[in-house]
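Participant: Letter by letter, the chains look like this.
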Amino acid sequence: MSTDEVQRVGEVVEASTTDFVAQCYELYQTPPLGSLVKTMDLTVELYGIVYNATTTSIEPGRRPIARGRDEASDDEIYRSNPQLLKLLRSEFSALVVGHRQGDILYRYLPPKPARIHSFVYLCSTEEVKEFSQSFDFLNMLINTHLPVSTDELVAACLRQMSQAYEDRHAFLVAAGKELAILLGGEFNQLKSILGRIRQ
Amino acid sequence: MNQENIQRLGIVVSGSLNKGVEVRLDSSASVEDMVVGRYVTIEGQKRRFFGMITDVSLGVIDQKLTLTPPDVSNPFIAEVIAGTATYGTLHILPMLTISGDVASLIEGPQPVKTVPSHFSTVNLASDRDIELVFGKEDKERFWIGNPLDMETKLCLSMEKLVERSSGVFGKSGTGKTFFTRQLLIGTLQKGKAANLIFDMNSEYGWESTSEQGRNVKALKQLFPSRVAVFTLDEESSRRRRVSTDFVVRIGYDEIEPEDMVLLRQTLNLTEPAVEAVYQIYRRFGRNWLQEASELKDPDQIKELLKELGIHESTYQNLQRGLATIRRLPFLLPHSPDNAVSCVLDYLDRGINVVLEFGRYKDVASYVLVANLLTRRIYAQYQKRTEKAMAEDTVKPQPLVITIEEAHKFLNPEVASQTIFGTIAREMRKYNVTLLVIDQRPSGIDEEVMSQIGTKIAFLLDNERDIDSVLAGVSGKGELKSVLAKLASKQQALIFGHAVPMPVAFQPREYGSAESYKHFIPSAETEIEKQAEKDIEELWG
Ligand SMILES: Nc1ncnc2c1ncn2[C@@H]1O[C@H](COP(=O)(O)OP(=O)(O)OP(=O)(O)O)[C@@H](O)[C@H]1O
Ligand SMILES: [Mg+2]
Chain X
1 MSTDEVQRVG EVVEASTTDF VAQCYELYQT PPLGSLVKTM DLTVELYGIV
51 YNATTTSIEP GRRPIARGRD EASDDEIYRS NPQLLKLLRS EFSALVVGHR
101 QGDILYRYLP PKPARIHSFV YLCSTEEVKE FSQSFDFLNM LINTHLPVST
151 DELVAACLRQ MSQAYEDRHA FLVAAGKELA ILLGGEFNQL KSILGRIRQ
Chain V
1 MNQENIQRLG IVVSGSLNKG VEVRLDSSAS VEDMVVGRYV TIEGQKRRFF
51 GMITDVSLGV IDQKLTLTPP DVSNPFIAEV IAGTATYGTL HILPMLTISG
101 DVASLIEGPQ PVKTVPSHFS TVNLASDRDI ELVFGKEDKE RFWIGNPLDM
151 ETKLCLSMEK LVERSSGVFG KSGTGKTFFT RQLLIGTLQK GKAANLIFDM
201 NSEYGWESTS EQGRNVKALK QLFPSRVAVF TLDEESSRRR RVSTDFVVRI
251 GYDEIEPEDM VLLRQTLNLT EPAVEAVYQI YRRFGRNWLQ EASELKDPDQ
301 IKELLKELGI HESTYQNLQR GLATIRRLPF LLPHSPDNAV SCVLDYLDRG
351 INVVLEFGRY KDVASYVLVA NLLTRRIYAQ YQKRTEKAMA EDTVKPQPLV
401 ITIEEAHKFL NPEVASQTIF GTIAREMRKY NVTLLVIDQR PSGIDEEVMS
451 QIGTKIAFLL DNERDIDSVL AGVSGKGELK SVLAKLASKQ QALIFGHAVP
501 MPVAFQPREY GSAESYKHFI PSAETEIEKQ AEKDIEELWG
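In order, the protein sequence lines correspond to chains X and V.
My numbering numbers the first residue of the first sequence as 1 and each following residue consecutively.
My numbering numbers the first residue of the second sequence as 1 and each following residue consecutively.
Do not rely on the hints blindly, as some may be mistaken.
With a straight-line Cα cutoff of 30 Å, these simulated DSSO-like cross-link-like pairs (lysine-lysine) come out [to be verified]:
1. V:LYS306 <-> V:LYS296
2. V:LYS429 <-> V:LYS476
3. V:LYS395 <-> V:LYS190
4. X:LYS177 <-> V:LYS64
5. V:LYS383 <-> V:LYS160
6. X:LYS191 <-> V:LYS64
By construction, these hints were calculated from the structure, which means they are not laboratory data.
Predicted, not measured: the structure shown is a model, and the values here were computed from it.
Given these sequences and hints, build the entire structure.
Facilitator: Put into C-alpha cells, the structure is as follows:
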C-alpha cells in the first residue's frame with residue numbers, strides 16, 4: 001500500500017500488546033485525541049486510537065523552568081532559546097484496536113506488539129471509513145482502563161471518524177445505537193457520551 | 001419473490017406455542033405503525049410461519065430511563081435510543097406454516113405445531129403471502145373484503161362456507177345485514193348453494209334504505225332471474241314496488257305444537273298451556289287449532305278439559321295466546337295454496353327465495369312462519385337426501401337458510417325442540433345449513449354455537465357475547481383483543497371452518513352504483529345489462 005498520501009506523525013518509542021507510544025518529529029505536532037493512526041512492520045499493519053498526548057522534558061526528572069519574565073510573548077521564549085526545541089519532546093499514546101494482515105482487516109489485537117522505531121501515520125479518510133464499517137472497536141474503548149475518561153475518548157473518537165463521512169448524522173446515530181446496546185443498563189454514561197457527540 | 005416489498009419488523013426473542021411469540025421491533029420500525037390484527041410472516045430456519053399481531057408493548061433496557069427520561073426533544077438522542085435503550089415489542093400468534101415442508105406444499109397452509117427458533121426474522125406479510133393463505137378470487141372463492149390495513153383481496157371459499165352453518169354477529173348497526181347480503185351474493189355468484197332467506201326487515205329481496213338514507217339494492221334487483229321474492233304482506237310489497245313472485249298464506253292446519261313451544265314467551269304462555277297444546281293436538285290431530293277455536297259451548301269445553309286433564313286457568317291462558325295468533329292476517333283457516341311446495345319448486349329450479357315479512361315483523365309472525373316453513377322444507381330435504389343415498393344418486397343441492405334474530409329460534413330454552421336447533425346440530429347431514437344473524441350471540445344455545453362452523457364477528461361490546469362467540473377457539477385471549485378493537489362499523493373478524501385462520505377484515509363497500517357492478521359476474525352479461533339498466537334508472 002502506498003503511504004505517500006498518508007501523513008507521517010511519529011515513531012514508536014514504547015510498545016506493548018495493547019498500546020504503543022510514539023514520539024512526534026516536531027514538538028507539539030501530536031495527532032488529535034481520538035484519531036485513528038497506524039503503524040506497520042513487515043507483515044502486519046497495526047491500528048490504534050490516540051488516547052493521550054504529552055509534552056515533557058527529554059531528561060526524566062528535569063522539569064523545565066519558567067523563562068518568560070522579560071519576554072513580550074510566549075513565542076519569544078522559543079525564539080530566544082532555540083535549544084528548548086531539543087530539550088522537549090511531544091509524545092502520544094494509542095490503544096491498539098485492530099490490525100491488517102494480508103488484505104484482511106481484523107478488529108481485534110494483533111499477535112505481536114508494534115516494533116520500536118516503526119513509523120506512525122495518520123489514517124486517510126478512506127481507511128477511517130473502512131475501519132469504522134464495524135463498531136467492534138467501541139467495545140475495546142469502553143472496556144479498557146485508560147488515564148483519560150472513557151466517555152471523553154469515545155466521544156472524541158466518534159467525532160473524528162464522523163468527519164470521514166458525508167452524512168455525519170447517520171454515522172453518529174448508528175454509533176450511538178451501538179453504544180446504547182453496549183452500555184445497556186448504564187444509561188447515565190450513554191447520556192454523557194451522546195451529549196459530547198451531538199452536533 | 002419481490003425483495004422490495006418485504007418490510008422487516010424485527011426478530012423473535014421468546015415465546016411458546018400456546019401463548020405466542022415475543023418479537024423485538026427493529027429501531028427502523030415504529031411501534032405506532034404496528035396495529036393489532038395485522039399479518040406477519042416469520043422466517044424460521046426450516047419453515048415459514050404465518051401469524052397475527054395480537055399485542056404491542058413498550059420496553060426499556062434500563063428502568064432508570066423511566067425515572068429520568070432522556071431529552072427526546074433532541075432529535076439525535078431520540079433517534080439513538082429508539083430501538084436500543086427503548087424498544088417496542090410485538091406479541092405474535094403464529095397460526096400457520098406456509099411453506100417448507102412437504103405437507104404444506106401439497107395441501108397448502110398447515111396449522112402450527114411449533115414455534116420459530118430464536119431470532120428468526122419477522123416481516124410484514126405481503127399481498128402474496130395473504131394470497132397463499134386465503135387463496136385468490138376464482139371460480140370457488142369470493143372476494144369478501146380486505147384484511148385490515150391491507151389492500152389485498154380477502155377471499156372466501158363459498159363451497160366451504162356452505163358446508164357448515166355460519167353465523168354473523170355484532171351490535172346493531174355494525175354492518176351484519178350489509179355483509180350478509182354480500183355473502184348471499186357470493187353463494188349466488190359461485191353457484192354453490194340455494195338460499196332461503198327469512199327476511200324479517202325486508203332488506204334482502206328488494207331495495208331498502210341505509211342509515212345514510214340512501215337506497216340500497218338487494219338480491220332480486222341484481223340477479224332478477226335467479227331470485228324470487230315471496231311476501232307475507234302483499235300490501236307493503238306493492239307499496240314499495242317490489243315485484244313479488246308469491247304471496248305466502250298459512251293455514252291453521254299447518255301449525256304444530258312445536259311452533260307453540262317457540263312462541264311460549266312471546267305469547268305469554270305458561271308451561272302447562274304448552275303442554276295442553278300437545279294434548280289437544282293428540283286429540284284432534286292437524287286440525288287442532290281450528291277445533292280449539294271453534295269450541296264455544298261451555299259444557300263441551302268443560303268436558304274436554306276434564307277428559308284431557310287440563311286446568312281451567314291453563315285453558316284460558318292458552319286461548320288468549322291462540323287468539324293472538326288467529327289475528328295474524330296471513331293466517332287463514334284454510335290456505336288456498338301450498339307455500340312450502342312453492343318454495344321447494346323455486347329452489348329446485350335453482351332460484352333463491354327471499355321471504356319478506358313486510359309489516360308483520362313482530363316476533364310471533366317471524367318465529368311462527370320461519371319455523372313452520374323450515375320444518376317442512378327440511379323434512380323434504382331429509383327425504384330426498386335419504387332417497388339419494390339409498391339409490392346412490394346425486395344429493396339435492398345444498399340449501400342455506402338465513403335467519404335474522406337467530407336467538408329467537410336457538411336460545412337454550414327452545415334450541416333442543418326447534419327445527420333450527422336440529423339443523424344446527426345435525427350439521428350438513430341433509431345438505432341444509434343455517435346462516436344465522438344475531439346481535440346477542442350469548443342468547444344462543446352453547447351447543448348450537450359450537451356447531452356453527454364459520455363465524456363472522458363484528459364489534460360486540462358485551463363480555464358475555466364476546467365469550468360466546470369465541471368459545472372453543474384457540475388463541476381466544478388474543479382474538480378477544482382483536483375483536484374488542486374493531487371499528488364500530490364495517491369491520492369484522494372471521495374465523496372457523498371456511499378460513500385457514502382468523503382474520504380481521506373490512507367488508508367490501510356495498511351500496512353504490514359502482515359497487516353493484518363488481519358483484520355481478522361478467523359471465524352473466526344478460527343480468528349485468530339488466531343491472532346496468534337498473535343502475536341507470538336509479539342514479540340517472
Ligand atoms: N359493506 C358496507 N358498505 C357500505 N356501507 C355499509 C357497509 N356495512 C355497513 N354499512 C353502513 O352501516 C349501516 C348499518 O349496517 P347494517 O344495516 O348492515 O347493520 P346491522 O348490523 O345489520 O344492524 P342491525 O343489527 O340493527 O340490523 C348501513 O346502513 C350502512 O350505511
Ligand atoms: Mg341488520
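Participant: Verify the proposed pairing of V:LYS383 with V:LYS160, using a straight-line Cα cut of 30 Å.
Facilitator: holds, 24 Å
Participant: Taken at face value, is the distance from the CA of V:LYS296 to the CA of V:LYS306 at most 30 Å?
Facilitator: holds, 16 Å
Participant: Is V:LYS395 close enough to V:LYS190, meaning Cα to Cα at most 30 Å?
Facilitator: holds, 18 Å
Participant: Are the Cα atoms of X:LYS191 and V:LYS64 separated by 30 Å or less?
Facilitator: holds, 12 Å
Participant: Hey, X:LYS177 versus V:LYS64, does the alpha-carbon distance stay inside 30 Å?
Facilitator: holds, 18 Å
Participant: Starting from V:LYS429, check that the Cα of V:LYS476 is at most 30 Å away, please.
Facilitator: Cα-Cα ~29 Å, so holds.
Figure legend: structure checked against the earlier numbered hints; every hint is met.
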